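Protein chains in written order, with the UniProt record's numbering: chain A, 1 to 488; chain B, 1 to 631.
Note that these hints are calculated values from the structure, not bench results.
There's no promise every hint is true.
[What the hints assert, rightly or not] Facing chain B, a subset of chain A residues (Cβ under 8 Å, in silico):
#1 Gln13
#2 Ser20
#3 Met211
#4 Val213
#5 Leu229
#6 Ser268
#7 Gln269
#8 Glu374
#9 Leu376
#10 Glu379
#11 Ser380
#12 Gln384
#13 His386
#14 Lys396
#15 Glu468
[Unchecked claim] Each pair of labels, with its calculated beta carbon distance range:
#16 Ser452/A / Lys523/B: 29 to 35 Å
#17 Ile533/B / Gln403/A: 32 to 38 Å
#18 Glu145/B / Ser252/A: 49 to 55 Å
#19 Glu145/B / Pro138/A: 54 to 60 Å
#20 Gln141/B / Lys113/A: 39 to 45 Å
#21 Asn170/A / Lys523/B: 35 to 41 Å
#22 Tyr170/B / Ser452/A: 20 to 26 Å
#23 Lys97/B / Val63/A: 52 to 58 Å
#24 Glu501/B / Ser252/A: 55 to 61 Å
A quick note: this is a predicted structure, and the numbers were derived from the prediction, not measured.
Every residue gets a Cβ at the ideal spot worked out from N, C-alpha and C, and that includes glycine.
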Amino acid sequence: MAKDKILSAKLKQQEFKTKSTQLKTQKIAQLLEPQFQQSVEIDDERPLLKISNFKEYLPEENVQNIINLKLKQGPYKLSVTPQTTYLAGESGHIAAFNWRHKQLECEFDVKEKCYDIISIAQRNFAVAQKSSIYIYDPKGVEVHKIRECKQATKLEYLPYHFLLAALNQNGQLTYQDITQGKIISTYRTTPSSLCLKQNNNNAILGIGDQMGVVRMYAPNTGTSLTSMLCHKGGVMSMTFSRDGNHLITTGSEGTIKVWDLRTQKLQSQVAVNATNLALSDKGILAAGRGTDVVMWKNCLIGDLKTPYLRYKASSMICDIDFIKHEDYLAMSTFDSYEQTVVPESGEPFFDTYEQPELQNKKQRLETNVRQLVEKLPPESISLQSHRIGTIDRTSKMIIEKEQKRQIEEQASKKIKKQKKKMRGRNKIGKREKLKELERDQKQQVKWQEMLSDALRVKRAEKEKKKFETKLLDRLEQMSSKEFIRVVS
Amino acid sequence: MGKLNKEQRLEKQLAKKVEKQDAYQQVKLQETPEDDFNVANLIQTLEDQGQQIDSVKTQYLRVHEKARIVQEPETQAERDLQERKVAATVMKQDIKKWLPIVKKNRESERIDFTKQRNVQISKISDTSNALLNNHLGVKLQNAMEEVEKVEQKQELNGQSNQQKSNLQFYNDLKMKKISSIKSKIYKQIKKKKGNKEKLKLMAQLTPAERRKEIEKLRLSRAKERITLRHSTKNKYVSQLLRFGGDKKSLKQQQSFLNNLKHQLLAKAQLNELEDGEFDEENFREQAISQLEQELLDIERREKEKQNNFGFLDKQKKQDLQQSKSIAQKLLTMLKSGNDDAIQLDESENQEQNSDDNYEPNENGDKDKQKTNVENNEFNGRANFVNETKQLTETQKKKIDAKTSLSNYLNQEPEKQQQQNKIEKQLTSQEEKKQLIEGLNIKNIKQKYEKQVNQKLTKQDLKKLQSDPDELLQQNLANFNLVLDEDENENAFIDEKIKDMEEELPPEPANTKGWGSWAGFGIKEKKPLTQEQILQNKIKKIREVQKKRQDAKLDNVIISEKRDAKFAKYLVPKLPSEFANSQQFDQLHTLPLGPEWNSLTSHSALTQPQIVTKAGVVINPVRIPQQVNKLI
Numbered sequence: 001m002a003k004d005k006i007l008s009a010k011l012k013q014q015e016f017k018t019k020s021t022q023l024k025t026q027k028i029a030q031l032l033e034p035q036f037q038q039s040v041e042i043d044d045e046r047p048l049l050k051i052s053n054f055k056e057y058l059p060e061e062n063v064q065n066i067i068n069l070k071l072k073q074g075p076y077k078l079s080v081t082p083q084t085t086y087l088a089g090e091s092g093h094i095a096a097f098n099w100r101h102k103q104l105e106c107e108f109d110v111k112e113k114c115y116d117i118i119s120i121a122q123r124n125f126a127v128a129q130k131s132s133i134y135i136y137d138p139k140g141v142e143v144h145k146i147r148e149c150k151q152a153t154k155l156e157y158l159p160y161h162f163l164l165a166a167l168n169q170n171g172q173l174t175y176q177d178i179t180q181g182k183i184i185s186t187y188r189t190t191p192s193s194l195c196l197k198q199n200n201n202n203a204i205l206g207i208g209d210q211m212g213v214v215r216m217y218a219p220n221t222g223t224s225l226t227s228m229l230c231h232k233g234g235v236m237s238m239t240f241s242r243d244g245n246h247l248i249t250t251g252s253e254g255t256i257k258v259w260d261l262r263t264q265k266l267q268s269q270v271a272v273n274a275t276n277l278a279l280s281d282k283g284i285l286a287a288g289r290g291t292d293v294v295m296w297k298n299c300l301i302g303d304l305k306t307p308y309l310r311y312k313a314s315s316m317i318c319d320i321d322f323i324k325h326e327d328y329l330a331m332s333t334f335d336s337y338e339q340t341v342v343p344e345s346g347e348p349f350f351d352t353y354e355q356p357e358l359q360n361k362k363q364r365l366e367t368n369v370r371q372l373v374e375k376l377p378p379e380s381i382s383l384q385s386h387r388i389g390t391i392d393r394t395s396k397m398i399i400e401k402e403q404k405r406q407i408e409e410q411a412s413k414k415i416k417k418q419k420k421k422m423r424g425r426n427k428i429g430k431r432e433k434l435k436e437l438e439r440d441q442k443q444q445v446k447w448q449e450m451l452s453d454a455l456r457v458k459r460a461e462k463e464k465k466k467f468e469t470k471l472l473d474r475l476e477q478m479s480s481k482e483f484i485r486v487v488s
Numbered sequence: 001m002g003k004l005n006k007e008q009r010l011e012k013q014l015a016k017k018v019e020k021q022d023a024y025q026q027v028k029l030q031e032t033p034e035d036d037f038n039v040a041n042l043i044q045t046l047e048d049q050g051q052q053i054d055s056v057k058t059q060y061l062r063v064h065e066k067a068r069i070v071q072e073p074e075t076q077a078e079r080d081l082q083e084r085k086v087a088a089t090v091m092k093q094d095i096k097k098w099l100p101i102v103k104k105n106r107e108s109e110r111i112d113f114t115k116q117r118n119v120q121i122s123k124i125s126d127t128s129n130a131l132l133n134n135h136l137g138v139k140l141q142n143a144m145e146e147v148e149k150v151e152q153k154q155e156l157n158g159q160s161n162q163q164k165s166n167l168q169f170y171n172d173l174k175m176k177k178i179s180s181i182k183s184k185i186y187k188q189i190k191k192k193k194g195n196k197e198k199l200k201l202m203a204q205l206t207p208a209e210r211r212k213e214i215e216k217l218r219l220s221r222a223k224e225r226i227t228l229r230h231s232t233k234n235k236y237v238s239q240l241l242r243f244g245g246d247k248k249s250l251k252q253q254q255s256f257l258n259n260l261k262h263q264l265l266a267k268a269q270l271n272e273l274e275d276g277e278f279d280e281e282n283f284r285e286q287a288i289s290q291l292e293q294e295l296l297d298i299e300r301r302e303k304e305k306q307n308n309f310g311f312l313d314k315q316k317k318q319d320l321q322q323s324k325s326i327a328q329k330l331l332t333m334l335k336s337g338n339d340d341a342i343q344l345d346e347s348e349n350q351e352q353n354s355d356d357n358y359e360p361n362e363n364g365d366k367d368k369q370k371t372n373v374e375n376n377e378f379n380g381r382a383n384f385v386n387e388t389k390q391l392t393e394t395q396k397k398k399i400d401a402k403t404s405l406s407n408y409l410n411q412e413p414e415k416q417q418q419q420n421k422i423e424k425q426l427t428s429q430e431e432k433k434q435l436i437e438g439l440n441i442k443n444i445k446q447k448y449e450k451q452v453n454q455k456l457t458k459q460d461l462k463k464l465q466s467d468p469d470e471l472l473q474q475n476l477a478n479f480n481l482v483l484d485e486d487e488n489e490n491a492f493i494d495e496k497i498k499d500m501e502e503e504l505p506p507e508p509a510n511t512k513g514w515g516s517w518a519g520f521g522i523k524e525k526k527p528l529t530q531e532q533i534l535q536n537k538i539k540k541i542r543e544v545q546k547k548r549q550d551a552k553l554d555n556v557i558i559s560e561k562r563d564a565k566f567a568k569y570l571v572p573k574l575p576s577e578f579a580n581s582q583q584f585d586q587l588h589t590l591p592l593g594p595e596w597n598s599l600t601s602h603s604a605l606t607q608p609q610i611v612t613k614a615g616v617v618i619n620p621v622r623i624p625q626q627v628n629k630l631i
């Protein structure tokens, strides 16, 4: 404890305040908890429950929202909000409809290959097409065309930073600010990427690799913050929990693994060959494998042995997602869009900064303005985001080095003024002669470097030749030896 | 049908246009004489009356001359021109449809005759009614789909051939694209897949077979490296490579080879087409003519000069007689007309030949036969296996396109193999002679037996261990698939080590004389060897590894780089009040906003220390007396 009496008193007062406020918040949370939460009980005899078994006992509102749309234009990608679903077929069929009121918002055909779709701020949506990324209105009008990131295959949207992240086919990641239209950072990640997902708590992007590695990225640094070897095969897909403490991945070798991100260790695993994953806010895990969807209830605690529910789709599943704050699971297949009930999956409470679904037009406009005012800067994304406002713990040596480097960079950027020289020396001819000399010196340095490189290559070639001749001699000896053995 | 319609349409249009022109002119001609009120009639009437109107007459004549040109019918040449123009405009409209198709076909390498696919576009707006009336709509929809499925199945049977051809065309395009990929990463991935399959095959083989294959690989690679990459770049060699021995350019040679390929392909395609219509009589005539030519050749060869060596002549006679007998047998069979008997006889003949180690190459060299007789163990069986693959003339007629190409491509390497075998035999013969003549075989045997029974010293053991080739063979023999699966793990560990190496400070340049005492009588320091440098590096890396966050986690890399941009959100120095950073951080554990706390606790947390009620007078600040004295 501190020696100062004033400080010690201040700290004690703080402790008292924290305890009292924590107690109050706990009490209020107990009051707000829903008393009648519907759930499905599982018998021991049949651990796999089918949704068709309890479909009759559901209320009418839920039954009406069980949707099965038949579409014929290629495998579909989806993104779901509490009101609308956005669909993008591979051959260019794009549609948005309100699933709550069964109302079509827009539908059109871009005669181009589409890779991914995602909903962004103010009910707009972005589509990753073959030529570039397009942003459309809720009525399907083309608003923007982002030419900078070409051949993007995966999209992700960070709602509190207003950033659209796009991953390229060659592994190039770009962050673009939607409000200003400025590209914040682009850098090269792993070339053989398979999936892209954001940590909702942290706004850090995770990229799954073909080599079985998951890497975390932020816009500040070009290199990966952490990288974790998860599977022997490639990482097919992954999800983060709502807390940001857990990571769930599937590998191509046929396992689902649950990782604790606080300790970076494996928690539990199951041998299931899944291709798509989705995690609800309450912690129900859905895994798509072929035409089946299998769900587990308490996967974050470690109960992965007994599945909770099972659903059978009409064809192969391409994309899967839970609807936020609702008890529905949306999935897109090769030729259909399907939506089913999953009891006890949605979180009933809204976050304070989250935009609730039922709002007036006036309220929505106000929230839009407020969100823009409270926009978080992209530099605040890091693994240490909980340490904002605390003391920097890095050593003084590193900080001094950084400051020096900054000063040097600033000095190099400054334009040097030419000195005023004595009379007669400031002639135009002499000044240009000096310039030519500088140019020649720079060229000389370049040529010398080139020469040294060429010499080094020649030497290496000579050494290789020697080594290979030796090897050939030895092989000849070996062959002759064997012959002698045969004769003897 | 379309062409006929167009021609008909053209004729009709032309006829209409011509009719219109004629009708217009007819109307004009008809109007003029019918008009009662005419200028010419007026003038005539005035002249008859006896009035002077010469000036009016001249003006009228001028105008009349000009009008005459308009009223006259057009010449036939002009009419033809107009007709041609009309015809050209009509034709252009028809050609416009075909221009893009012709252009596409001209540019593409092969022409696509398939029809365009009828893409069935389904929309949500079509099924929106089903959404509203869910129960009824879904039932209706399902019923309709079942009807559609039955209809589609009937269509599919007709479309299956089209789909196959479409798929083939699509696959060809795909393979063309894949072949043009130049990225290194793609090649690396492809190489890895290939290596995996090879290793799986290797694991199934026995260790003896494995060694042989490894030796083959090593020889081929060594030769490749020397021949391709590090070849000599003399003027003589470069000219040889470019123009060859006969001073042909590379392009000429390539074109010659390509021509051969195309000819073979064309032949094979013709044969494929003719398979259905196989003319037995033609084929028989050709075969008989060929056999007769061979018999003539054999007779000519018998009349040639005989060598001085008796045993060679005997062999030659035997060979020629055998070949003669076979040809005569075949001739009799063909003339009698039993096709089934031919194939049986051929197989019998081949078996007989194999027993006698006989080569049925009529034009074969005699030297080969000599070597075969001397070294029955090495070459006799191998040659027989190759012979069976060579197709007889009767079977050549039925060759497909693929087999003929593959045979052509495999001809050159086979020739090289044969040449290599002959060379090997020669070398082996020489060595054998040396052994027999110069040394006693018994002595050599005893030497080897001694070496085997001798107890190995430490130096010999070291020599054995130092041989990298043997070690490699042992390692590859004991290769397990488990190692193959850990490829990801090895790559990850390499990445981790590379990350740790970047943290190490840069080593000073190892220049001579610097950092050591100089003078008389001081021993010179030897520069460090590469092994020592490596060991030092490993020590440093291990020290770094202990300090890292991921020291105990093998499957995790946590980067230790400082995020400079994030540093502006942190407090750079500890304020003067606090002794530790923990004390400072403790004040900021609790968030103050109403979003995280209830309203009452929020008001309590943000309450100011001094509370003043409204209406209370606040006096201005005064300097205390103790300070005032000092001033």
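Do the hints match the structure? See the list:
1. A distance limit of 8 Å between C-beta atoms decides the matter here; for Gln13/A the minimum to chain B is near 10 Å, and the interface restraint is violated.
2. A hinted interface residue such as Ser20/A counts as satisfied when its beta carbon comes closer than 8 Å to some beta carbon of chain B; here the least separation is about 7 Å, so the hint holds.
3. The interface hint given for Met211/A holds, since its Cβ lies 5 Å from the closest Cβ of chain B, which is under the 8 Å cut-off.
4. Hint status for Val213/A: holds, given a least beta-carbon distance of 6 Å to chain B, under 8 Å.
5. At its closest, the beta carbon of Leu229/A sits 4 Å from a beta carbon of chain B; the interface hint therefore holds under the 8 Å criterion.
6. The restraint placing Ser268/A at the interface with chain B is violated, with a minimum CB-CB distance near 16 Å, outside the 8 Å limit.
7. Against a cut-off of 8 Å between C-beta atoms, the interface hint on Gln269/A is violated, since the closest Cβ of chain B lies about 13 Å away.
8. At its closest, the beta carbon of Glu374/A sits 11 Å from a beta carbon of chain B; the interface hint therefore is violated under the 8 Å criterion.
9. Interface hint status for Leu376/A: violated, as the beta-carbon distance to the closest one in chain B is roughly 11 Å, over 8 Å.
10. Hint on Glu379/A holds. Least Cβ distance to chain B is approximately 5 Å, under the 8 Å limit.
11. A hinted interface residue such as Ser380/A counts as satisfied when its beta carbon comes closer than 8 Å to some beta carbon of chain B; here the least separation is about 6 Å, so the hint holds.
12. Because the smallest distance between the Cβ of Gln384/A and any Cβ of chain B comes to about 7 Å, under 8 Å, the interface hint for this residue holds.
13. Violation of the interface hint for His386/A is found here, the shortest Cβ-Cβ separation to chain B being roughly 10 Å, above the 8 Å cut-off.
14. For Lys396/A, the interface hint is violated, the least distance from its beta-carbon to any beta-carbon of chain B being 10 Å, above 8 Å.
15. Here the hint on Glu468/A is kept, as its CB sits about 6 Å from the closest CB of chain B, short of 8 Å.
16. Judged by the Cβ atoms, the range 29 to 35 Å given for Ser452/A and Lys523/B holds: they are separated by roughly 33 Å.
17. Checked against the hint of 32 to 38 Å, the C-beta distance between Ile533/B and Gln403/A comes to roughly 34 Å, which is consistent with it.
18. Separated by about 35 Å at the C-beta atoms, Glu145/B and Ser252/A break the suggested range of 49 to 55 Å.
19. A beta carbon spacing of about 31 Å between Glu145/B and Pro138/A contradicts the range 54 to 60 Å that was offered as a hint.
20. A beta carbon spacing of about 29 Å between Gln141/B and Lys113/A contradicts the range 39 to 45 Å that was offered as a hint.
21. The supplied range of 35 to 41 Å is broken by Asn170/A and Lys523/B, whose beta-carbon atoms lie about 57 Å from each other.
22. For the pair Tyr170/B and Ser452/A, the beta carbons lie near 52 Å from each other, so the given range of 20 to 26 Å is not met.
23. A beta carbon spacing of about 54 Å between Lys97/B and Val63/A agrees with the range 52 to 58 Å that was offered as a hint.
24. Evaluation of the 55 to 61 Å hint for Glu501/B and Ser252/A yields a failure: the beta carbon distance comes to about 31 Å.
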